[in-house]
Amino acid sequence: KAGVTQTPRYLIKTRGQQVTLSCSPISGHRSVSWYQQTPGQGLQFLFEYFSETQRNKGNFPGRFSGRQFSNSRSEMNVSTLELGDSALYLCASSLAVSYQETQYFGPGTRLLVL
Amino acid sequence: GDSVTQMEGPVTLSEEAFLTINCTYTATGYPSLFWYVQYPGEGLQLLLKATKADDKGSNKGFEATYRKETTSFHLEKGSVQVSDSAVYFCALKSSNYKLTFGKGTLLTVNP
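Protein sequences appear in the order of chains L and C. Going by this note's numbering, 3 is the number at position 3 of the first sequence; the sequence numbering is gapless. Going by this note's numbering, 21 is the number at position 21 of the second sequence; the sequence numbering is gapless.
I should point out that these hints are in silico values taken from the structure, not numbers from a laboratory. Please note that the accuracy of each hint is not assured.
[What the hints assert, rightly or not] Simulated DEER-style distance windows between Cβ atoms: (1) 114(L) x 1(C): 33 to 39 angstroms; (2) 106(C) x 83(L): 22 to 28 angstroms; (3) 83(L) x 3(C): 46 to 52 angstroms; (4) 38(L) x 71(C): 39 to 45 angstroms; (5) 30(C) x 95(L): 34 to 40 angstroms; (6) 71(C) x 15(L): 40 to 46 angstroms; (7) 77(L) x 40(C): 39 to 45 angstroms; (8) 52(L) x 12(C): 45 to 51 angstroms; (9) 57(L) x 18(C): 25 to 31 angstroms.
Since we're looking at a predicted model, the values are computed, not measured. Yeah, the Cβ is synthetic: ideal placement off N, Cα and C, and Gly gets one too.
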């Protein structure tokens, strides 16, 4: 089975621009979660989607948004980019029948904001 | 809210040494506990998990036991290899489905 894939792998943007990241979950997985990883803050939860609905949201400003499509693929969007948005953005998928299930991570998209 | 505290390191060991990375947690209810590993330039890989008290997760020589009485999930390996050099994250997941991570521990194993 193919793993979680994320595109693009690397991005360079300038302040004020917006960016869209894409995530394709493992086949059959209905939950997709997004995390931001930075050296200073570590791994922080952004949001989780299940069956096209946002089920959970972390403490990030409204500039961060996401959506999930009927095939479970997900996108996240960051508008009005700031220097502090430079990070590795990780997507994870799971079956999500039970909260005990494992989340499987993709390789991440590394975003650099100049 | 949920939280995870793990020793931040860095930890430097010689090959074949014994490894312990401490992890304690705070959570309501009965969370599931995980150890993930991250190699340079990569995403997170699940190393092992435990879903209830006294469960022992194990994989590739690594072990961790879910201790509810001490709210701990310490990672151990009897004999580390150079290839184990990576960052290790302890994490929990409670009924809100999101993973809460510790800060990560950088392990370097020297030949």
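Broken hints, by number: 3, 4, 5, 7, 9
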